[in-house]
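Colleague: The lines below spell out each chain.
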Amino acid sequence: MTQRTRNLLLLAPAGAWFLLMLIVPLSVVFIFSFGERGPAGGYVPALTLEQYANLPARWAAFRNTMILAPTGTLAALLIAYPLAYFLAVKVSAKWKMTLLVLVIVPFWTSILIRSYAWIFLLGGRGIPALLDWIGIEGVRLINTPFSVLVGIVYGYLPLMVFPIFVSLDRLDKRLLEASSDLGARPWRTFLQVTLPLSIPGIATGCMLVFILLMGEYLIPALLGGGKVFFVGNALVDLFLQSRNWAFGSAVAVTLVVVMLITVTIYMRFISRVGGTRDDVALM
Amino acid sequence: MRVYATLVYLFLYIPIGVIALFSFNAGRHASQLQGFSIKWYGKALNNPFVMDALETSLIVALVSATFASVFGAMAAVALHGIKGPVRTIFDGLIYVAVMIPGIVIGIATLIGLVTLFDQLNPMIAAIWPGGFEPPKLQMGMLSLIAAHTMFLMALCIIIVRARLSGMDRSLTEASADLYATPMATFRQVTLPLIFPAIVAGFLLSFTFSFDDFIIAFFVAGSETTLPIYVFSSIRRGVTPEINAIGTMVLGVSLVLLVTAQILLRRGEKKSR
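So the protein sequences, as listed, match chains A and B.
Under our numbering, think of the first position of the first sequence as 1, with each following residue one higher.
Under our numbering, think of the first position of the second sequence as 1, with each following residue one higher.
Don't read these hints as lab results, they were simulated from the structure.
Source: prediction; values computed, not measured.
Hints may be right or wrong, so weigh each one.
To be verified - No farther apart than 25 Å at their CA atoms in a straight line, the calculated lysine to any residue pairs in the SDA-like style are these:
hint, chain 1, residue 1, chain 2, residue 2
1, A, 173, A, 185
2, A, 96, B, 255
3, B, 83, B, 169
4, B, 83, A, 20
5, A, 94, B, 262
6, A, 90, A, 12
7, A, 96, B, 13
8, A, 90, A, 105
9, B, 136, A, 20
10, A, 96, B, 254
11, A, 94, B, 258
Given only the sequences and the hints, what does the whole structure look like? Please build it.
Modeller: The structure is reproduced here in structure tokens:
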């Protein structure tokens, strides 16, 4: 058996699995998006752009996603950056890894349970009850855009911290010394040396969080109470409640296309900034 | 700076801590602490619905993680050794599998498999010998395992490949110079070095599959996994029982994650 045959044999199970469970299903979604809804739900073959023309019917879901996904990404960035900076620059080597792992670990635990914790905290008997007790009355937190935003930041903060940490940790500390030797104040060193050099990390973190937020379902479902819904919530409704497969497929295809466009713009942006792209491994 | 970091850590861990704290609450109300008790754990563990869901989740996680880590490692080793179109195709497949949102994977698997089963079921019924009920393909545990394995395989390939590319090439070259056959080199040099990565991939896959809600929501058919059970209970209201289940789920993930971390670290040190 030649080396090549052996390699192909080793690849066969994975290849077959990807074909059957990834390529075929995604192709079906693509094909169905040009079809029509059956009388009892499901799908009737057709070749029409009707479903795509109908997309404005779900405009609210796309609008919410396109507003809250970037806002959530930005909020996560603003909270994550100082922490990543602290971990990379200020913490001693001995504690660095432990503290970093403590940030990442929550990301790999159940997002369902972690979002549930916030229903508990933001609900009537949680933080609002505490505020009531100190004299601030009538605050409603749960089922608002704010509660969805809190859930988003909480859920995706680790994913933002990690790439920024990596880019700051790799930064040559002598550059900082050089900058201060040349008389730059600390904040000027930060703005002109540290921040530009950490842009690849910022871009990677923002992209990862943004991509995951585009397909988010659980956080708006649990913390938005049906008032703040994303494209993901529209998809669940279309496939599991109204069983409108053709229209649902068109929404799914549109979601993926919007994501791909965003990624392409991001790649352009990164190559223009000229930073090296950090390969992100979360463990 | 230090104060800020402490605040962020509190933000990350207080919600988890609150869930754990209230799971030991003796009172019936979810939000008033009334003494220590482990009765909600007993209640959760004696609830047949919870136990059924737990069993389903464990089987799915175990089988998917096994398939994903074995087939993923095989693919990673092969991809390390080849160039050309096959490698480009696989790079693309892995990229797509990781990039596509989970919800779209769930939808695609649902309508893809339901359509396939609608075609196959009449055929099976036609060739099935008379007198017996023909088997009916439908969404359930197997379709969920297949969907999880697909996604997790991509994850395992990435993890094992990272280990392989970090490996010192001179080790395998030395082995070849000492007249070891390729198979012997693989068994005695490569495999021991990538084994921690394979196990870490298995543990991460297990955790992911066990915690996954969105793919299972579409693909599990009439089966209920633990996250699906928890989700539908949350919709009915916050109860101390959910706190107990949540605490157990978080506890299990934490143990698996720490193990995976230690294995990856150790592997990294060894291969240098």
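Colleague: Could you work out which earlier hints the structure fails to respect and list their numbers in ascending sequence?
Modeller: Hint check: 6 fails alone, others pass.
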